[in-house]
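Enquirer: Sequence:
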Amino acid sequence: QLTPSSFLRIGQLSNVDLNEDVHELETELPRQHPNEIPHNEKLLSLKYESLDYDNSENQLFLEEERRINHAAFRTVEIKRWVICAMIGIFTGLVACFIDIVVENLAGLKYRVVKGNIDKFTEKGGLSFSLLLWATLNASVVMVGSMIVAFIEPVAAGSGIPQIKCYLNGVKIPHVVRLKTLVIKVCGVILSVVGGLAVGKEGPMIHSGAVIAAGISQGRSTSLKRDFKIFEYFRRDTEKRDFVSAGAAAGVSAAFGAPVGGVLFSLEEGASFWNQFLTWRIFFASMISTFTLNSVLSVYHGNAWDLSSPGLINFGRFDNEKMGYTIQEIPIFIFMGVVGGILGALFNALNYWLTMFRIRYIHRPCLQVVEAMLVAAVTATVGFVMIYCSRDCQPIQGSTVAYPLQLFCADGEYNSMATAFFNTPEKSVVNLFHDPPGSYNPMTLGMFTLMYFFLACWTYGLTVSAGVFIPSLLIGAAWGRLFGISLSYLTKGSIWADPGKYALMGAAAQLGGIVRMTLSLTVIMMEATGNVTYGFPIMLVLMTAKIVGDYFVEGLYDMHIQLQSVPFLHWEAPVTSHSLTAREVMSTPVTCLRRIERVGTVVDILSDTSSNHNGFPVVESNPDATQVAGLRGLILRSQLIVLLKHKVFVERANLSLVQRRLKLKDFRDAYPRFPPIQSIHVSQDERECMIDLSEFMNPSPYTVPQEASLPRVFKLFRALGLRHLVVVDNRNEVVGMVTRKDLARYRLGKEGLEELSLAQT
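Quick note on numbering: full-length UniProt numbering labels position 747 of the sequence shown as 747, and the sequence is numbered without any gaps.
The hints are simulated quantities; they were obtained by calculation from the structure and are not laboratory data. Some hints could be false.
DSBU-like, lysine-lysine: derived pairs with alpha carbons at most 35 Å apart [unchecked claim]:
#	residue 1	residue 2
1	LYS119	LYS109
2	LYS646	LYS79
3	LYS228	LYS664
4	LYS79	LYS644
5	LYS114	LYS426
Ranges between beta-carbon positions, derived for each pair [what the hints assert, rightly or not]:
#	residue 1	residue 2	range
6	ARG711	TYR550	22 to 32 Å
7	THR75	THR237	13 to 23 Å
8	VAL384	ILE100	26 to 36 Å
Here a beta-carbon is modelled for each residue, glycine too, at the ideal position from N, C-alpha and C.
Please put together the full structure from these sequences, using the hints given.
Expert: If you want it as structure tokens, here you go:
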């Protein structure tokens, strides 16, 4: 283990994480860019703050709540529904925008390349076509990667791990900003058009969450516009609930699966849930699917048809030829095992790759170069596979968007090209629905192998991209292969329809990579419009999850861990009963007196070494008889607002009344409170006194120091706390439990391990 001091040193060098602003780094460190960043997964980063999911019930808050009568609460409830409807509408519109732009740009690219290939097939010189395809891909991806790497690194990847952390209560910088949304949408369009092995479904979840966070606040801090609406919702608790609705709306826009969206939010996303939330979130999801559906129907020219509920539509599976018999169930379970093993392999490879990236590819320019390399390699692999494939199928009666003839006879097309020369969504649908005999087993085997490694290499690049569709595509390819080989073995029995096995393979592969069970079953059922397969899909997913979990954890949890985020799971580690609050808590605690000197407050807040966010307030004048007992808790953000508004009086006339602040003053400063350095306090003002009584939370949650770790954990996790004060039997403050103290303990291979904390 490295010592903390060496980590502090590393902390100043690193821009490991996607969230640090590159520009600040350049200013701190002239000429020093380390070639390697030592990164250790047994670490927790101190860079992440917690969110306050517990309302501070100070006097201002209580007065306001008492003033609100029943009718006003009803309007608040109506506003919540309005916000959910707006979240649904805007998420649907963003999904439409992505879909239409991708369709047009990708169509243009494939038409240009196809024309070029057809021209050069006749007169030789196909290497020029390859060059054109690779250059087009690399240049498009270069733009997509540059905007992410240089403007907003949080927009990289699918954004699901980040949203999961946000809903768990970790404040990830910039994660729900407008800028992130713009970069995310543009980035995902460019990376899909650039032909990378990515899907546009994962980022929809992040986009929905950003839209939700923005709408529910009724203003944009990035645009400096305040619409003066929804002011009641300007606090973390309310924002969190809307963000879970946004994530659900994103899923339902992506897959046309409103119920699946709600269940996704429940299973993968939200760490806090209540009954009222379910119905509102379902409402948002429904509206989102409906918006997408109606806009796309109008765009496709059949306004009353409503035939495209999601960004990906797996097409209808009809029941007559697609039933399943009882003897197929062991086969499905076997497919689940294969999916679990392949998924675990995918995750393990991606883990080592990500470690390598964090250590060596941490400069933005290197990240862009890597993305371009992957794009060029993807195009080259596709071209070489199509070139070498001799798998020709008749064009008659097939539904191929861009049939490439290459060296096939007239009236035939190259079937490898349907897999590679297409956007991944279309390829998945082709694998599900093309009639038996459309693909050579050799074609499918080579495609699976190549695409597996391409997708693994692509996830974690500095581009906005989802992992849903590539996983489905890999699974559909080997599932179809499996179905074909079954019908060979059974001499062409009727029940081995390859499309059905493609569906099961897709489910198994995706379940093996991301380990979702409930929501994925429902999403697959809704996207195929078929309930018959509910049971086999569930079996396949359960098997894949059990087998995969035996080897390595799911992709999203793995990335959360790699970023050293202090994530709190549902339960404390099982063997942690031996630890008590006394051993877990942080000491010593910086306390403030109830009536405190302004100078002291400013000094405590300016002290960079202690960077605390919550301060217990104790009785101001303890004499011999009275102990300095705990009186309340006040947050850094509240103190900063008090200093900014100069809420203090001179020492001489304490009887004078301080300036009254309203709760609105605190809400207007949320969520970006100014740093203490920007607040100027003169020498005379430092001598004034500040009375914290009406701003502090007079009833903070406390635990005695003998409480066991699971008990502390339950209290902290269930209430979404940020600070938990530890007191002794005389109600004196002895320590403070924060998120990092609890997230430090994790169940490892040998039992309970304690992670070290680092500044990186």
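Enquirer: Work down the list of hints and note, for each, if the structure agrees.
Expert: Here's how the hints hold up against the structure:
1. Proximity of LYS119 to LYS109 is assessed by CA-CA distance (about 16 Å); at most 35 Å being required, the pair is judged to hold.
2. Note on LYS646 and LYS79: the hinted pairing holds, with a Cα-Cα distance of about 34 Å set against a maximum of 35 Å.
3. Between LYS228 and LYS664 the alpha-carbon distance is near 11 Å, which keeps this suggested pair within the 35 Å criterion.
4. For the hint pairing LYS79 with LYS644, the CA-to-CA distance comes to about 31 Å; that is within 35 Å, so the pair holds.
5. About 17 Å separates the Cα atoms of LYS114 and LYS426, which keeps this hinted pair within 35 Å; it holds.
6. Separated by about 31 Å at the C-beta atoms, ARG711 and TYR550 satisfy the suggested range of 22 to 32 Å.
7. Distance hint check for THR75 and THR237: the Cβ-Cβ separation is about 19 Å, which falls inside the suggested range of 13 to 23 Å.
8. For VAL384 and ILE100, the hinted distance range of 26 to 36 Å is satisfied, since their beta carbons lie about 32 Å from each other.
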